[in-house]
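Protein chains: 2
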Amino acid sequence: MAKCSICGRDAVAYIRYQRRYLCREHYIEFVENKVRRSIKRYKLLSKGSKVLVSVSGGKDSAALLMALSRLSKEYQLKLYALHINLGIGEYSEKSLRASTEAAKMLRIPLIILNVKDLIGYTIPELARRLRRPVCSVCGLVKRYLINAVAVELGADAVALGHNADDLAVYSMKSFITQDLEYLDKLGPKTENIQGIAVGRIRPLYEVYEKESFLYAFLLGVPFIHDECPHVNHESLEQILKVKLNEVEEKKPGMKIMMLRNMAKRIRDLPRREYRVQSCRYCGLLSSTEVCSFCRMTARIHGEPLGPIVRSRVRELVKESESRQLSSAAG
Amino acid sequence: MAKCSICGRDAVAYIRYQRRYLCREHYIEFVENKVRRSIKRYKLLSKGSKVLVSVSGGKDSAALLMALSRLSKEYQLKLYALHINLGIGEYSEKSLRASTEAAKMLRIPLIILNVKDLIGYTIPELARRLRRPVCSVCGLVKRYLINAVAVELGADAVALGHNADDLAVYSMKSFITQDLEYLDKLGPKTENIQGIAVGRIRPLYEVYEKESFLYAFLLGVPFIHDECPHVNHESLEQILKVKLNEVEEKKPGMKIMMLRNMAKRIRDLPRREYRVQSCRYCGLLSSTEVCSFCRMTARIHGEPLGPIVRSRVRELVKESESRQLSSAAG
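Read top to bottom, the protein sequences are chains A and B.
Counting in our numbering, the first sequence runs from 1 upward without gaps.
Counting in our numbering, the second sequence runs from 1001 upward without gaps.
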């Protein structure tokens, strides 16, 4: 059996682009050092930050929650987790269960939002009614709800679990379709806009999918292995994913090099010209007078649901905070 | 045997992204219509243009020379061909032979430059002396010589044989390394700079490698099948080439879509900030006081060779023009 290149114990993994074997402990340290380095390199967090971690129930958000939890003393973080139940059958049920268990294990307060309760329809039902692709509706709803919770919490940042493989694919796809403005949103960090939008950070920016999987697995965080049933394996995105992996196979480290270069150049890319404003209905960030969530829900319900959703979010955040206070008191 | 989707004759090719079969005549028309469309879409040529076609001896420059020759009446083009003998052993000898035969067949005046005669060393010898990669030295020398001939001729444009597959790979590589300024030079057209640089056009911008091959083959233009012995199949470029072909296989038309989108967005990309100036030695386009060709040759010979090379180019261009006059008179 291969031995750890650092300490000589049994190795659990081989890091191809560094040509070394690592044991369990050094592997965990290796991943956490990557996260630390990204926090420093991209100025993701300052000490004492209040961070809302978006948790889907999959390996990446499990790894993210674990890593931030283990680094929370060092960075004096105040962590909250958010899980959104999308209503995608058994997949969503299992995701909810895994997210709940992970948050419980790490003693991180978890806020749960249920799309059906808030909007009256599950994600697939919404997509059907709107005749829009499921993934596009899902993205819109998730972005809105995550931001609504983060603003309510007064969080300094929203942490997302995108790994290096995901981000390489999204970037490549944006390059192919020349949606250059979107590249701006794929960097390690987006900015806060006082009171209406909380910036997003990607602590796993330089962590590969395999690495986040093994890290979560070695530390025993619960996560589901299932893939969303709406993933389309014939999409350009999925094809690029496979092909980029094959390039990386021949040029180990290629994706990280690309992402690092991208992070440096993001400011030079063209930006979408729009006025930052707050939605006239719900008050959150919008590029037009009415935000896309309020517009979408108005199409279905005849009135924008932003304001109602925000007040429901407010209650849930308060409940979560008071639960925390009472558990801290008890 | 499959039949042409237009006229019912025996087909020679299947166009996957258009789902149709084409016979010899309609295939030739199909490729030439692509060239016509690119000329129009990207404003590559105006009527009566004097065009210097760079000819390597391979399939793409054979196709380019043939296509421009067949379109020369329609666009009233004055065509010249240029072949540069790089001194890469048998490969260069065969390339020279094929280029000479192609130009002869199409009755296009051919100017031949020999790198060893002009600079005293072949490309591989130069690379060795400079301790630089062969491909980088080759690119520099070719760009310089092509421009020198084009300026001397008073050409309106230099036509290059880059096909859609080449350009997709170069673009992708520039994106990965985030050499965004280089993308600016990969579009269908670069601009003229009065007296010091002739703009380059890429009439095969939307023509796939396979298409340019079959077009040249069907029309019987001589070309060599050999690949330059200095191509490194382990390079990122070559790996991307293979992988992008596999993506295209699953998403026919992807490369063209990307290139069209890119051509639209090129103006929005960051540009390298440099003063356009003329080299203090040779007078041609430079980004610094002394152009890279004069700097490189000075390192080897102790003095910049730009001025000598330019006067030799002037003689060769004059010879070629007087040969033409006498053959027209005869």
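There may be inaccurate statements among the hints.
[Said to hold, decoys possible] Pulled from the structure, derived: some chain A residues nowhere near chain B, Cβ distances all over 12 Å:
1) Cys-4
2) Asn-114
3) Gln-178
4) Asp-179
5) Lys-243
6) Glu-289
7) Gly-302
8) Ser-322
[Said to hold, decoys possible] Not the full set, but computed from the structure, chain A residues with beta-carbon under 7 Å of chain B:
9) Ile-176
10) Glu-249
11) Lys-250
12) Lys-251
13) Met-258
14) Asn-261
[Unchecked claim] Which chain B residues stay away from chain A? Per the calculated CB distances, all over 10 Å, these:
15) Lys-1043
16) Phe-1175
17) Asn-1261
In short, the hints are calculated from the structure, not lab data.
Glycine is no exception: its CB is placed at the ideal position from the N, C-alpha and C atoms.
Checked hints:
1. Cys-4: holds, 30 Å
2. Asn-114: holds, 37 Å
3. Gln-178: Not fine: 4 Å to the nearest Cβ puts A:Gln-178 too close to chain B.
4. Asp-179: violated, 9 Å
5. Lys-243: violated, 5 Å
6. Glu-289: With a cut-off of 12 Å, A:Glu-289 remains clear of chain B, as the shortest Cβ separation is near 26 Å.
7. Gly-302: holds, 38 Å
8. Ser-322: holds, 48 Å
9. Ile-176: Holds. Min distance 5 Å.
10. Glu-249: violated, 9 Å
11. Lys-250: holds, 5 Å
12. Lys-251: The hint holds - A:Lys-251 has a Cβ within 7 Å of chain B, the shortest such distance being about 6 Å.
13. Met-258: Status holds, d = 5 Å.
14. Asn-261: Holds: closest Cβ of chain B sits about 4 Å from A:Asn-261, inside 7 Å.
15. Lys-1043: holds, 20 Å
16. Phe-1175: violated, 5 Å
17. Asn-1261: violated, 4 Å
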